[in-house]
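Engineer: Here is how the chains run, residue by residue.
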Amino acid sequence: MQCEKCNGKAVITLQHGSLCKPHFITYFEEKVFKTINKFRLIDRKDKICIAASGGKDSLTVLYLTKKYLDHYHIPSEHLFALCVDEGIANYRQHTIIDLQEFCKEHKIPLKVITSQEEFGAPLDEAYPKINKDTKKKPCNVCGVFRRYILNKYARQEGATKVITGHNLDDEAQAIMMNMFKANTTLAGRLGPISGIHEQDGFVQRVKPLYKCTEKEVRLYTLLKGFKIDYTECPYSQLGFRHKVQVMLNDFEKDFRGTKQGIIKSYLAMLPLLKQHDQQTNDSIKSCKTCQEPSNKEICNACEMKEVLAQ
Amino acid sequence: MNITIFNEKDRTTTTLDFDKSTVEDLLTHLNINSETVLVTRNNEILTEDELLNNDDTIEILSVVSGG
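As given, the protein sequences belong to chains F and G, one line each in that order.
Every letter in the first sequence is one number past the one before it in our numbering, and letter 93, counting from 1, is 93.
Every letter in the second sequence is one number past the one before it in our numbering, and letter 56, counting from 1, is 56.
These aren't lab readings, by the way, just hints derived from the structure by calculation.
Everything numeric in this text was worked out from a predicted model, so none of it was measured.
Don't take every hint at face value.
[Claimed, not checked] Think about it this way: if two alpha-carbon atoms lie no more than 25 angstroms apart in a straight line, the pair counts; the simulated DMTMM-like pairs of lysine to aspartate or glutamate are:
# : chain 1 : residue 1 : chain 2 : residue 2
1 : F       : 21        : G       : 59
2 : F       : 224       : F       : 170
3 : F       : 253       : G       : 55
Input sequences plus hints: build the corresponding full structure.
Structural biologist: Below, the structure written as structure tokens:
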């Protein structure tokens with residue numbers, strides 16, 4: 001297969017044609033920059049916290065955010081990385097080593113917070129206890145841990161934005177998961193900028209890889225030579241998300257453009273969903289125990305802390 | 001033809017006696033969705049139409065990471 005732009009050897013076939021290595025890298029980086037500009041994900045005055053795990057998505061978003069800041073002459077001393085070590089044996093410790101090396105090489109300050117120090121237990125110990133009480137799956141517990149720690153420590157460090165490595169596949173899965181579970185209250189909280197509106201204590205989360213597929217991200221890291229451990233999370237196949245992921249990839253193979261179609265449809269509906277959510281959910285307040293943003297009196301993280309303390 | 005396959009996901013290496021010719025054929029034979037992997041030969045990315053040769057060593061890299 002030849003590149004549609006230069007007749008060089010193609011490395012990927014996209015919906016609109018095939019691209020060689022240099023043209024794919026340009027296409028990918030331009031797409032990320034355009035996403036940041038179109039949705040105004042970064043402001044010159046922002047202090048940016050990048051949620052980083054050392055996986056392909058977070059290293060890509062770290063690298064390209066730094067490149068974006070340099071390109072637009074935005075001071076990059078306003079940038080730092082925050083890693084949540086959930087405490088998953090034989091998994092996270094490998095990616096953290098890659099992350100530490102990457103941050104050192106690119107001169108990005110890194111802060112690592114463990115579930116052990118915040119919740120009193122690593123995920124491997126916390127999950128069975130919480131599951132016994134609540135039947136929550138490991139990905140649910142992990143998600144609560146991560147969101148809580150990210151928001152709390154990003155805010156403590158004075159961040160005005162949290163950048164995450166969520167890609168097009170992650171988003172398409174989340175949209176379908178909300179649909180399947182009739183999570184209408186959460187439906188308006190996805191998109192390139194998470195959340196409905198500004199809220200005390202909540203640091204806005206933004207997604208520069210919003211329009212990049214998982215396959216494109218992996219290819220980009222491979223072509224750029226990023227050192228990444230590709231061990232899969234041992235819990236990932238237990239979750240609802242995994243089933244949706246397999247389904248969407250099967251659809252994508254047979255009907256190219258399925259995932260992009262989901263994103264395009266969602267973005268067209270998003271203003272209405274946000275409006276609906278604002279009208280029906282004006283009750284987002286602070287948790288009575290920890291004062292972190294919550295739509296319940298006691299947030300999920302504090303509920304889990306309580307179970308773990310028993 | 002004989003092809004040696006390294007699968008990154010389970011970190012296994014297997015040898016396959018294979019009578020078809022392209023990367024797409026190989027993935028179909030292995031029941032792997034091409035959306036979920038990248039395929040390389042000697043560190044070079046192969047698109048699905050690429051022809052395979054006898055004694056090739058192929059790496060199948062998982063696109064899905066993390067959790």
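Engineer: Okay, which hints does this one fail, numbers in order?
Structural biologist: Structure breaks hint 3 only.
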